[in-house]
Structures are given as C-alpha cells and as structure tokens.
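Participant: Residues per chain, in single letters:
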Amino acid sequence: MSSNATATVVRTGAGTRFVIYTLLTLFCLYYLLPLYVMVVNSLKPLSEIQAGGMMSLPDQWTVAPWKSAWSTAQIGVEATGLKPFFWNSIVMVVPAVAISTVLGALNGYVLTKWRFRGDTVLFGLLLFGCFIPFQMVLIPMARMLGLAGLAGTVPGLVFVHLVYGIGFSTLYFRNYYQQFPTELVRAAMIDGAGFFTIFRRIMLPSSGPIAVVCVIWQFTNIWNDFLFGASFSDFDSQPMTVALNNLVQSSTGVKEYNVHFAGAIMAALPTLLVYIVAGRYFVRGLMAGSVKG
Amino acid sequence: MTQVAKPRRGGSDWLREALPKIVLSPSLAMVLIFVYGFIIFTFYLSFTDSRILPSYDLVGWENYSKLFRIRAWDTAVTNLLIFGSLYIVICCALGLTLAILLDQKIRAEGFIRTIYLYPMALSFIVTGTAWKWFLDPGIGLQAVVRSWGWESFTFDWIKDGDMAIYTIVIAAVWQTSGFVMAMFLAGLRGIDNEVLKAAQIDGASNMALYRRIVIPQLRPAFMSAFVVLAHMAIKSYDLVIALTGGGPGTATELPATFMYSYTFTRNQMGIGAASATIMLMAIAAIMVPYIYSELREKK
Amino acid sequence: MTMMKTLKMTAMAVGLGAAPAMAADVEVLHWWTSGGEAAALNVLKEDLAGQGIGWQDMPVAGGGGTQAMTVLRARVTSGNAPTAVQMLGFDITDWAKEGALANLNPIAEEGNWDEVIPAALQKFATHDGQWVSAPVNVHSTNWVWANKAIMDELGLEEPQSWDDFVAALEAAEAAGYTALAHGGQAWQEATFFDAVVLSVGGPEFYQASMIDLDPEALGSDQMKEVFDRMGTLRGFVDDNFSGRDWNLATAMVINKEAAFQLMGDWAKGEFLNAGKVPGEDFLCFRFPGSQDQVTFNSDQFAMFSQGDGVSDEQAALAKAIMSPEFQIAFNKVKGSVPARTDLDASALDACGQRAYEDFKAAAASGNLYGSMGHGHANPAAVKNAMYDVITAHFNGEYDSETAVDELVTAVEISQ
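Protein chains in written order, with our numbering: chain A, 1 to 293; chain B, 294 to 592; chain C, 593 to 1007.
Simulated from the structure, these hints should not be mistaken for laboratory data.
It is possible that part of the hints are untrue.
[Unchecked claim] DSS-like cross-link-like pairs, simulated, lysine-lysine; straight-line CA separation at most 30 angstroms: (1) B:490 with B:398; (2) C:740 with A:255; (3) B:359 with B:528; (4) B:359 with C:740; (5) C:715 with A:67; (6) C:848 with C:868; (7) C:848 with C:924; (8) B:528 with A:255; (9) A:255 with C:848; (10) A:67 with C:868; (11) C:637 with C:715; (12) C:924 with A:255; (13) C:740 with C:848; (14) A:255 with C:637.
As the structure is a computational prediction, the values presented were derived from the model and not from experiment.
Turn these sequences into a full structure, and let the hints steer you where they fit.
Facilitator: Right under this line is the structure:
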C-alpha cells in the first residue's frame, strides 16, 4: 500500500486533452441516458407518455407520480405505495451486509496471516461458490430453511444472502490483506497478542477502504435481489424489490409508466446514496489492494 | 512455508493453533452444504423424472438426451458464448480506456466517476424498461434521430433476431463497465510513477508507456475484473427478461433464462437440473484452471 | 449436517402439513396488483373482514403468474404454504396431484357448485372427484378488438369468415393503417394460434390437436394451414411488433393507428380507461371462424391443505368467492365474466353481457374450450413447447412445413 494516490505523470498536450474531455463527456451521456429517460418520464402525466415522445421533456411538469409511488400506488390489495417496504428491505440488508463483511474480513485475515496447509484450495472452493446460479438453489434452500424453522423469516433471508455473499467478501478482504505487511502481525504474535487482538488492533484499523468496497458490493447485490426476496419472505417481510416488481409487472391493468419510473428511482436511492457517499473511498479501497491480488 | 508464524508458547497452544480454522469453519460449512451440497443435489435431480417438485425416481440419461434435442438450448449456449465474450472484452476495453482517460488529472473526476458507476446501483426490473424504450425503433433512438432529419437512420437491433443479443450486450456493458473502470483506475493509481518518469526521459511515447509498462502491471486488476464479469455474464437473467423476454422468438435466450424456464415455468425440473449441471461443468472447466493458475503464481 | 442426511431430509415428503397463518387469518398469494384488479380483490377482503377473518396479502406479480408459482414452490417446499393461492388451469391439477390441496367438497355441495359451474371449468377445479379450487372468473381469449372509426371510414362490416377478415385487414393496410396491432411475445402469438386453430379445423380439430395432443392432428395438413394463416396474419403486423407489451398494442387501436387487435377480454379495460365506449368507439367480436366457440382461461383460488382438511377460514374464503355478489362485483371491475352460469349479468357493460351470453351458450353446447395460449388446454411443459414453435415460426425462423414437424417433435419431447 505504498502507492501514491495521484493521477498519472504521463503528460498530454492541449489537443489531446480536448479529445479526452470530449470522450469523457460522450461517455457521461451514454451512462446518463437511461436515467434521463426515467427521470423525464417520471415527471410527466401519463397521458403525455401514452401520446409518445418519451425522449422529450415534459410539457407539464408534475411530481404526482413520485407521491403516488411513495404512498398511494397499488402494490397489493391495499394501495400503500412503496413506503412500508423500505423498512423491510433495510431490516434485511443491514445485518446481511454487516455480518458478511465481518465474516469476509475474518476469513481474509485467516487466509493470509494464519495460513495452513490447503488454505488456497479452501479459498478456491469459496470463490467458485460465487458462480452458482441462484435459480438452481431455490428449492433445496427452501427445504433447508423449512427444516431450520427459518422459512418466511427475516433471519432466514439474511442467512441466504450471507451464504451467497461470503465468496466475494472473502475475495475482497483476502486480496487486500495479502498486501498488508506480515511482519507487523508476526511482531505482535511474539509480543503475545492473540488471534482476535491482532485482528482488532492491527488489521481492522486499516481495513476501512476495503470495507467500503465490500459494503458497496454486498449492499448493491442484496438490495437489488428479487428472487430470494420473493421466495423466502413472508407477507409481512416482502422487500422493496418485490413491491417494485408488483408495481411494475401488474398483468392486466393500465401501466402507469411515470409511477413505475418514479418508483424505480426511489428504490435505487439508498444504493445511489451509498455510491455517492462512499464513492470517494471506493476507488481508494479498490486501489489499496483488492485489485492487486 | 505454509505457516506464516509459529510462536512457541505453552498453555493454550491447542486453541491457538485451532482458532483460525475454527473462525474459518462456519463459512466453509455454509459453502460446502449450500453450494456444493446443492450442486450434488441438482446433479442427482438431473437423472430423475422431477417435474413440479423434486422426485426421486431415476430415469437415467433421458433428461440429457431431451435437453440436446431442444433447439432453444443450442441457442442459449451459443448466445452465452457470444454475449459472455463480447461482454467481458468490451467491459474490460471500455473500463480500461475510461480509467486511462480519467487518470489524466481530469477536473471533476469524482463527479464523472460517480456517473460512470451509478448504473450498478439500479435494478434491471425497471432500467430494463428504459432501455427497451430507448432501443425500440418506433419510439427510441431511431425515432428521435429520424425526427432530427436523418430519415434513413436505422437502429432496430432489438427487433432483429440476429442482432438482438447485441442489444443485451449494450445494456449489460452499460451496467458494469463503470465498475470495471473503477477497478482499473485503482490499479493505475497503484503504479509507481518513478518508473514512468524514467521511461519518459528515455523518450518513450505515451502509447509505448501504456503498452509496455502500465498495462502489464494491471494484471491483478484483470483477474478481479474477469471474475466479477464472468459471474455477471453467467447469471444474466433480469437483464434478458426485462429487455427482450428471450425474444424475438428465442433469439436472446441464455442458459440462465433457459434453466429458470424449464425448472419453474414449464414444470420440467429434471431438464432444468440437467441444463444447470451442464452449465456448472462449463463454468468449472473455464474458471477452475483460471483461479488455480492465478492463486498458484503468488506463492 | 452431512450431505447424505441433507439429501434424505430433502427427500422426505414435501411439506404438506404447512404451518397455518395466524388463527382466523388467510394468507393469500396472488398476482393481481394493478389498480382494477386489486380493487376487485378488495371486495373479497372486505367480505371476509365482515366475518372477522383477517387478510394477509402476499402479492407477487410478473409473467402472468409464473413468478408467483415459483414463489409458491419455494413456500410449499419450506413447509410454509400460503392458505390460498391464485392459480390457473393445469397448475391446479399439478398441485392436486401432489396431494397439497384441501378438499372443498363440503362447501361445494352446500353451494351446489356441480350445477352452476360448467364442466369445462370443473375439469380444472376438481381432482379425483374432489373440489380443490374456487373459480373466480372466466376470461375468453378469442376476441377481436376493432377501432370503429377506422371500420366506418373504410365501410367495413364485422367480418364473418377468415376471408372476410383478411379482406378487412387488407383494406386497413391499404388505407395506411397498421392492420393488426400485435405485441411479439410468445403468449400473444399463442393467443392468435388458438383462434386460428379453431377457424381452420373447428372444435374437433382443436380438441384433437391442442387438448388430446394427437400426433396425427398435430402433424396434419390442417396444421400446416394453421401456420400458413399465422404467416398471413404476420404480414399485417407492423415492423416494430417484437417484444411490445399487449397494452401498447391496444393503445395503437385506441389511438387509431391500428385497426384490429386479437386479445383476451382484459383489453377492454384499456379502452374503458381511455374513455372509449363499447359499440361507439370500439367493437368487440369473436375471431372470424370461431364465433360459436369460446376459448377461455379462468383464475381460481386453490386452498392449501392445513393438515386436517379445509379450515374454517378457507371455507369462508371459498364461499365468499363463489357468492353471486362477489362474482358480479369482481368481474365488473376485471373485465371478465363470472365463472357460474346462473347470474343476472345486467350489471356488466355491453361487451361483458355479450361475453357472458357467449360463455353460457358455449358452456351449454359443449363449445367451451380451454385456451392453449393461456395454459388451459395442456400442461405448462407442452404449452411452452408449443410457444417455442409458434413464436419461432411467427418470427420467420421456420416455414410452415418445418413448423409442423417441429411442433410434433416439441410436443413429444415435452411429455
């Protein structure tokens, strides 16, 4: 982690810089276009959307779709909007992210600083677990949750996300801790510090950047998950994505696209917030080791 | 060698020795049961006549022989090859390019970076609709460009069976390339500037600097990017459902949609399990040597 | 837990003794989340509330119920089955075969269900002589929706035969309209297919090919004619049809961009919502050549067995679903017709009354057929195998001859 966090020293001329800025701006447009479509149409009355011209700005601006998506849109029998489902998602996401991050950190710590015969194989096993398609595990997982008495509960859902998130969080922390000077750990051991003391006093204080990466990754994946959320939740614990899906996918009714888009942006706000707040640390975190294997 | 440190102390030696393994064991147990156990379970199911729910009557290779007679499976596999390779290559190329551009002391770098990154935050349940509209020739890009006066402008890939899979690539690249960019950017920032300065003094051109010195040093970043992208490509499901629903016809079917459809929509769980098994074996054939070689080199 | 143990435990009979929701509450898994549908369902909820029974709502929308069926499987496997579940056609039969559904015979006898529900629906609502579900509505799918202004402008009458219809489509196309509004999704093309099969070979052919899955009928020249006609219809669809949602296709008819659409009666809601009046702004008529037949799909509520037979709450729910008041109130909102044939339909609108009369007549004369496109003619595996062929042909991947061969193979593989 001795790298300096400044941009490259490669020098570029004025002409080149013009080209670079143009390119960067063009790509900004590419990334922003879908968001533009969503935002613009979420601020139009439905009649304008139905009349066509979904790329154009609203003739008549309105925030009614946003209000509707938040508190009055039809999700199920009751027109509750997305409001009540936010809490369900948060109750599930926060523990799942917290636990998988801590477990990932501990695993990474063991796999790099307390190595033993076959640890690389174990890491490989954990890593390969990232690739299992979720559709495949649905039925056996349901059975296991039922046997454990966790069917339809929030802890059950948290557990499922934990199981399938552990591979990536271990990957991030392992690659990060690998750069961490082992001498420090060894010195602490000779001083008589125990396993957890070293972790708490030496590893944790410098784990901030990678924790951000891990949290962003896990938060995004768990918050946006639909399949597990729909299958393993109960009527009173359905997460946000299921509600959003119910809002958007209604089968035979009129599709209120403006409300759909407002709801979609709303559902993404927590993740967007995490990106904006933690974004600065994100690259720093990645830089500090996770990509340096 | 394998043991990093082994201080000799009496007393609670056993606990000291075992503690790291104890800490690791819950994760390992979870993965063994819920990943590898389920893989074995699926493998078993692929030889049974399971339909709506798992059944335990063995039928031999029947599911596999049926699977290979289903045309949509061929399409799905071919599509994954096209989609997966294009997606990974384009994401890496684009991510690297953007990272290099963004590494040139750009003003408002943080702002631009956030713009490139945000698509990862959105779920495809609805972004899919925005993309679908945008790609639809009747109302999206084609219609807009034509309304600007370029009457012959045509962009109707999403309606064209041969081209539709490429629209999936466009949307998928949109979602993840920013993330890949961040990984490469981080890698670039980790490169020792002294080496670059020295090479510059020797008169190396910018192109040569990047080709000879910078990019080779980004190898670990490629590894992480590859793992993340390959995992995304294999699991791409929401994206296809939201954008094309597998159509036109079955033109954009992917193994993930195929597997879901046979297991859950068509109540042919046996065939679904067979397709999952084949998919997993293919993933293993590609990933295991790769992971192995990457992990081995560092010893 | 060892792997073998895991396998064995998973192998145990799948959780049929589902844990009930709180006493005197019903947990209902359904996919009716649009405004109108939910309003209709609310009628049921209020009814139960009046009897002191709480309603725990478990909506999972998407894919015409396929998403909800996936969730159902996870729920049942985990031993946490909902009390009542919205279901379609062969899904009910499949779950009944697993022995997961409660026997509703006591309620059915009391309510005289045997008499008031047509045999074609009973085929799905009963299993082995037991009532296992309560039908809520009947949608019929062989409708043509027409923009009346265009028809008047072109001097078109309601077409009575296939040739009439083709002539009308040609006239609309010649006048610069999109003749046929269509969304290129497999189920929408299958909706065409249902009607075309009937128009080509009549009810016997439909029975043989779509319901009995007779390989001879599937591979016959008549089937080739069906695909030829599908090709003809394809010619009247605009270039951008692929992937379009059905309601956007309906909007094309509403906005006078397109003359006709083939769609189930739920399309009516879109017209009404746009302030259009049946008979004045738009017309509805049966697909030419299938005037006497009704292809249907029917939403039903199946009750999951709670250990010892049907619970009091489930009985109350089933009874409420079959009550004449609910059947009328619900179907008025939903655009479909009641599942029982003994009601006064004057509360329904013009199209609804006509549909109800058609439905009763077809039920009485044995002309009521489950729709293949909507999972009421053959099981999900076969249906989807047919979808594959129909949609591949519609998108030009097969010619009619290949399509017929592929259809025979696909149906064989799927069984």
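Participant: Honestly, which of those hints from before does the structure not fit?
Facilitator: The structure conflicts with hints 4, 5, although it agrees with all the remaining ones.
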